[in-house]
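Respectively, the protein sequence lines represent chains A and B.
Residue numbers for the first sequence follow this note's numbering, so the first one is 1 and each next one is one higher.
Residue numbers for the second sequence follow this note's numbering, so the first one is 1 and each next one is one higher.
No lab work stands behind these hints: they were computed from the structure.
Incorrect hints may appear among the rest.
[To be verified] One side only, chain A facing chain B, incomplete, derived with CB under 8 angstroms:
{"hint": "1", "residue": "Phe45"}
{"hint": "2", "residue": "Glu52"}
{"hint": "3", "residue": "Val89"}
{"hint": "4", "residue": "Leu91"}
{"hint": "5", "residue": "Thr102"}
{"hint": "6", "residue": "Gln103"}
{"hint": "7", "residue": "Gly108"}
[To be verified] If you want the footprint, here are the derived chain B segments under chain A, 3+ residues with CB under 8 angstroms:
{"hint": "8", "region": "41-53"}
{"hint": "9", "region": "58-66"}
If you're wondering where the values come from, they're calculated on a predicted model, not measured in any experiment.
From the three backbone atoms N, C-alpha and C, an ideal C-beta is built for every residue, glycine too.
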Amino acid sequence: GAGVSQSPRYKVAKRGQDVALRCDPISGHVSLFWYQQALGQGPEFLTYFQNEAQLDKSGLPSDRFFAERPEGSVSTLKIQRTQQEDSAVYLCASSPGGTTDTQYFGPGTRLTVL
Amino acid sequence: AQKITQTQPGMFVQEKEAVTLDCTYDTSDQSYGLFWYKQPSSGEMIFLIYQGSYDEQNATEGRYSLNFQKARKSTNLVISASQLGDSAMYFCAMSLSARQLTFGSGTQLTVLP
Chain A
1 GAGVSQSPRY
11 KVAKRGQDVA
21 LRCDPISGHV
31 SLFWYQQALG
41 QGPEFLTYFQ
51 NEAQLDKSGL
61 PSDRFFAERP
71 EGSVSTLKIQ
81 RTQQEDSAVY
91 LCASSPGGTT
101 DTQYFGPGTR
111 LTVL
Chain B
1 AQKITQTQPG
11 MFVQEKEAVT
21 LDCTYDTSDQ
31 SYGLFWYKQP
41 SSGEMIFLIY
51 QGSYDEQNAT
61 EGRYSLNFQK
71 ARKSTNLVIS
81 ASQLGDSAMY
91 FCAMSLSARQ
101 LTFGSGTQLT
111 VLP
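Build out the structure end to end from the sequences listed, making use of the hints.
As structure tokens, then:
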């Protein structure tokens with residue numbers, strides 16, 4: 001079956017622009033996660049949804065970051081007034097929902113802020 | 001808070017040889033999950049293997065196996081019969097209650113022909 005997909009794969013933004021990153025999870029997966037991966041580092045947690053409920057957004061670095069999953073499927077991560085330090089790969093992962101769930105990752109969106 | 005430590009920034013192994021990638025973790029929780037992911041230069045994060053904190057047997061998945069030592073809080077990944085396609089970054093990660101993953105800094109593995 002289809003895996004997690006993300007779009008766009010690459011995004012170049014000028015500082016101050018708003019961007020929206022999309023994630024299509026594996027069909028039927030209850031849980032959805034967003035991570036940020038800086039160059040040469042491991043991914044860091046941003047936010048987590050269970051169906052349409054955002055249960056944890058403790059990893060969002062500032063109030064310029066906003067995520068939604070209105071119908072419990074597709075999710076969008078929005079970054080307002082982008083800054084150079086926002087340049088990173090943004091990874092989305094989904095899992096079926098349960099007590100020992102493996103997360104399956106999408107290919108990521110590489111964001112470059114000029 | 002939980003923490004994952006990978007002390008080997010880079011490792012080299014000869015093709016067809018076995019290699020062990022080290023990972024230690026720190027948590028006060030009794031129930032947790034331990035994962036290994038592979039990230040090739042293409043950037044995708046590929047799930048390899050999982051070990052639950054209550055699993056008594058070491059996990060195995062094809063050429064991948066874990067040396068899970070709970071008392072030492074370590075979960076080392078063993079790759080047997082290395083192949084050129086195994087060259088990639090390898091991340092160890094931990095989750096509590098199937099929530100977010102906490103990742104280590106990764107080990108870059110290079111398989112030599």
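- [ ] Output the numbers, in ascending order, of every earlier hint that fails for this structure.
- [x] 2, 9
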